[in-house]
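Residue numbers (this note's numbering), protein chains in the order written: chain D, 1 to 250; chain S, 1 to 504.
Honestly, the hints are just simulated from the structure, not real lab data. Built from N, CA and C at the ideal position, the CB exists for glycine as well. Worth double-checking, as some hints may not be accurate.
If we take Cβ atoms under 7 Å as the criterion, some of the chain D residues that face chain S in the derived model are [to be verified]:
#	residue
1	Q14
2	N71
3	A125
4	E140
5	T144
6	N150
7	S177
8	N179
9	A215
10	N217
Below 25 Å or equal to it, Euclidean Cα-Cα: the simulated SDA-like pairs (lysine to any residue) are [what the hints assert, rightly or not]:
#	chain 1	residue 1	chain 2	residue 2
11	S	K424	D	R80
12	D	K127	S	V146
13	S	K430	D	E45
14	S	K397	D	D222
15	S	K397	D	L5
16	S	K424	D	M76
17	S	K113	D	R13
18	D	K6	S	L398
19	S	K36	S	N77
20	S	K310	D	L19
21	S	K397	D	T144
22	D	K219	S	N130
23	S	K113	D	E182
24	D	K185	S	K397
25	S	K310	D	R27
26	D	K44	S	K424
27	D	K22	S	N275
28	D	K127	S	Q260
29	D	K185	S	V144
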Amino acid sequence: MLNELKVLSDHGRQYISDLRNKPVSERFRGRPVISGEITSNEIKEVSAMCPAMAIDSRCGAIDLGKCLFCNECALMLPQRISFTNDYRISANRREDLIVRPGQTSQIRPGEVYIRKEVRHLFSKALKLREVSAAGDNSCEMELTAAGNVNFDMGRFGIEFVASPRHADGVVITGPVSENMAEALKMTYDAIPDPKIIILVGTDAISGGLFAGSRALNRKFIDEHTVDLYVPGNPAHPLTFINGVLDLLGI
Amino acid sequence: MEFYRLKNNPGAVNVSDIPVLEYDAFTEQTLTLLKKREHHAVDYFTTCTGNKLRFFILIAGDDTHTIYLYSHVQDRNVKVLNSLTAHHYPMHVFEREIFEEHGILFVGHPWLKPLRYPNERADRNAAMSNYPFYTIESEELHEVGVGPVHAGVIEPGHFRFICHGENVLHLEIQLGYQHRGLSGLFASSRNMLHRALLAESIAGDSAIGHVLAFSQAAEALCSFIPPSTLQTERIVALEMERIAVHIGDTAALCGDVGYQLGQAACEALRTIVINTMQDWCGNRFGKGLIRPGGTNFPLSADIAGHIMEKLDEVRKRFGNAADLVYNNTGILSRFENTGTVSLAQARHLGAVGVSARASGLKRDVRASHPFQAYTEMKYSPPALDTGDVLARGYMRKLEADISFMVIMKLLDTFRESGSDISPKPDYLMKFKPETLSVSLTEGWRGEISHCIITDETGEVLAARLKDPSIHNWTMLALAVRGAEISDFPLCNKSFNLSYCGHDL
Ligand code: SF4
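With the rest of the complex left out, here is chain D:
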């Protein structure tokens, strides 16, 4: 009994009370800022270097749907590119993940693009089925962490459920392998309507590192409307939770 109390008192209070504004490590790589002064030569150089082909070679914009947050562009052009630790980088339109030179505005899901029924039906409780479709298990672990004692997204009625029959939507991680394509579709089909789709992690959003691989089959993603994009490598639990809260208007 004494030991239990000791562990409990050591444990203390782990709960993050303000998930919206919890500061994270300074070195965490979230929303990038690209200087408007970046020259076309610099753009050419840095876009050729980017291992994820995430930097537009004409305008120098970084596509967070492709970026692997490796930081090499910022190291190459420290005067021009830097990553802030702003983890609120989820969006509901693919193009809103593209950060342009000179842009300092934050990234948020656009209210007008949220389907009416989403907030109406799910803002009090959102049950999600997660499908890892060739994910590397880092996004999966971060999603599990989103429900743990620290992040506790369950406080908003958001949780992962064991069956698609109990779910209001699907969360997809991984670039979607050919070998998981059918299971993903079957899981989605088993979720009752209306339902939402959330893509978590750069691999899920664009294929990421695996975009060119013949072992992928991204037909499902191409054919469906996505309600929320959550970038990251892996996506931080706070990026996911804040994205979902913004989507639901909580």
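Position chain S with the ligand against the provided structure of chain D, taking the given hints into account.
Just chain S with the ligand, lined up with the frame of chain D:
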């Protein structure tokens, strides 16, 4: 015997110095070498040039700290060979892989089935949906299929049980759902940074173990010796990864048997470890920290102090939590004698890593083929002998304790002496031509090995990236034999094998 003896980890050898044996001699030598208990097959794979298929085998001599390397070459249209698996079981996965890729029939292989259904498989009619499961015709038995999508937030795989009532008679595991074609992308990549990112994604929970194995393999191809601070950083990172997962798995095991205090306490402790990792390099999984030739996140006295302070707290608190967990009779009754794999079975299967050590098989790259800062330490791995969930759980505590010690020692030395700052990564390294490099690390699951082979211009010709899981999945299948099917999740968690690492 004809082999090349690699004495260093990582090490490199001229491809032309690797002996080529006729298949009969190759078989005989392999079986002779593998008879010795201190030997095991690290990897066995093929490369394809023109019409020729070359089979490379890597056998580790744990007592001699060496790797024996030799090969066999044959025409691609030779489609029948005698199976090594028939005489030495651990070869089964490798032969299945070669069968799947090249259509070679291994005579005497007990279950020559597809392994992961890659795009380039020899038999296009083989499909995930028609995997040839083992079946038994009986009115008393029934089958239970689980997956690929599971109840929790985990990776996909299919488990097919043959049960008698609640009891599992047989489990067959079908993998391949996670196949991304990673090895192919890696071999065709012409960009070192891109390769590092791929290595970090082999299994995201072992990002450090894998990217370190890759960095070592690359460095061996250009004779780069990492300076001592860089070695310190790498081992500190590797051991932090191990601590984080071991504590996280302890939480998961507690969660599976409904022990909430243990689960909550350990989850919070894992968070501290990975957040400290994030303070160091900006990523909770350490992605971005380890690179060939150097690092973008050199240790400073401040960061070293921060890591020491946080880890010291975690060490104490995890010690208390583990005391609680492993003295709780309710937990012990669920963990003890559940999912047992005996030493004889572990040896028969060629098990590696923490699961092997839980069964008494002391295989650990840190001791047998020391790398980086381990070359200066005499690492002696702990082991248990019951091979059950309890042993696999408790190993986490024992290993985490040693990891804490290793980190503290390295960081102490760093703080006392450390003024040299690690170099920046070198993405422009030139590889030696026609060379094969071998690099091993002990990730938290076990033995990771990467091999890179270069062509006559020094470009990557082929790459072989092995996750320890490939050795161990059959252990899980054996562990649940005779168990109740309801114990499966607990057993699965106690191994926590990688799906994507297996499927690549
Ligand atoms: S951080 Fe993103 S944009 Fe920059 S180089 Fe890496 S992948 Fe490219």
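- Task: Of all the hints given earlier, name the ones this structure violates by number, lowest first.
- Result: Violated hints: 3, 10, 14, 17, 19 and 24; rest satisfied.
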